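Q: If you want the building blocks of each chain, they are given just below.
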Amino acid sequence: GDSVTQMEGPVTLSEEAFLTINCTYTATGYPSLFWYVQYPGEGLQLLLKATKADDKGSNKGFEATYRKETTSFHLEKGSVQVSDSAVYFCALGMDSSYKLIFGSGTRLLVRP
Amino acid sequence: NAGVTQTPKFQVLKTGQSMTLQCAQDMNHNSMYWYRQDPGMGLRLIYYSASEGTTDKGEVPNGYNVSRLNKREFSLRLESAAPSQTSVYFCASRPGTVSPNTGELFFGEGSRLTVL
Numbered sequence: 001g002d003s004v005t006q007m008e009g010p011v012t013l014s015e016e017a018f019l020t021i022n023c024t025y026t027a028t029g030y031p032s033l034f035w036y037v038q039y040p041g042e043g044l045q046l047l048l049k050a051t052k053a054d055d056k057g058s059n060k061g062f063e064a065t066y067r068k069e070t071t072s073f074h075l076e077k078g079s080v081q082v083s084d085s086a087v088y089f090c091a092l093g094m095d096s097s098y099k100l101i102f103g104s105g106t107r108l109l110v111r112p
Numbered sequence: 001n002a003g004v005t006q007t008p009k010f011q012v013l014k015t016g017q018s019m020t021l022q023c024a025q026d027m028n029h030n031s032m033y034w035y036r037q038d039p040g041m042g043l044r045l046i047y048y049s050a051s052e053g054t055t056d057k058g059e060v061p062n063g064y065n066v067s068r069l070n071k072r073e074f075s076l077r078l079e080s081a082a083p084s085q086t087s088v089y090f091c092a093s094r095p096g097t098v099s100p101n102t103g104e105l106f107f108g109e110g111s112r113l114t115v116l
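Residue numbers (this note's numbering), protein chains in the order written: chain B, 1 to 112; chain X, 1 to 116.
Interface residues of chain B toward chain X, partial, derived using beta-carbon atoms under 10 Å:
| # | residue |
| --- | --- |
| 1 | Q38 |
| 2 | I101 |
| 3 | F102 |
Capping the alpha-carbon separation at 25 Å, the derived lysine-lysine pairs in BS3-like fashion look like this:
| # | chain 1 | residue 1 | chain 2 | residue 2 |
| --- | --- | --- | --- | --- |
| 4 | B | K68 | B | K99 |
| 5 | X | K57 | X | K9 |
| 6 | X | K71 | B | K99 |
| 7 | X | K57 | B | K99 |
| 8 | B | K56 | B | K68 |
| 9 | B | K99 | B | K52 |
FYI, nobody ran anything at the bench for these hints, they're computed from the structure.
What you are looking at is a predicted structure, and each value in this text was computed from that prediction instead of being measured.
The C-beta atom is built at its ideal place from N, Cα and C for all residues, glycine as well.
The following block holds chain X by itself, in its conformation from the complex:
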């Protein structure tokens, strides 16, 4: 069972370069999320998509864009990478649009990004 799949797992960029993190889930979930994890700061929400065709900003959206390509896929793009975006990025999904916050979040394994 694949669950939530993220690519790439590791990436090194130079300041100013762009890249896209890909995420796909095979559980027919409605909602998808991008978080970043930094030491001592836990997980912070970047963007989320409550359902196909919608996206909304989280706590730390600056410097990022997202696309909910279809129900399965939710990508995160860094247009001009900065050292402050060095982090571990997690994609997650959850089933429902009804009582959304009682449902479990399923996480991918993470993508470690380093910006030099």
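Just chain B, with the same shape it has in the complex:
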């Protein structure tokens, strides 16, 4: 079945470091891909999305490119801040289904 695999965390970085969080997916068809972020004590909120191959989603300095050939949607940011400390979830959705399938989440901790 359809699934999402994320890199295990936690990821610990110093402020201003470069961030990559890997996400790969398995799907029969052409899914839409999402990154959600969960700050401590809060629900998830959409960070960015891409709905077709080669699309790049971007928001708040974060970017991810939908790579059909490698079935990947890696999240990147050039210079992280302490305020980026959160749990990041990769997710996919198929047009044939109302379900959104989430990865297990990756915790990011940014130290001053």
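Knowing the structure of chain B, use the given hints to seat chain X on it.
A: Chain X only, in chain B's frame:
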């Protein structure tokens, strides 16, 4: 702007007790969802409602029931709580019934349930 509102935020139950988690959204969304979040397992879909009057099982429906009371409200009921149902529960909604999976999910703040 309220968005998605869940109640209660915290609850402690004894094994075998029943309870209902309430969820309401004020964004006129068609689809609503219940997820549970457990350490190392991400979010798992319990039940969802694609539109008013319909409900469907997700990945982990056993031990739960749902009611889509109207377009705004979607409740989750535990008839006989078990320790394995200790978790954080999230309600979510999204706008459309057309191309449903390109639309954004809006989440509530979560309900932390402990079953002793």
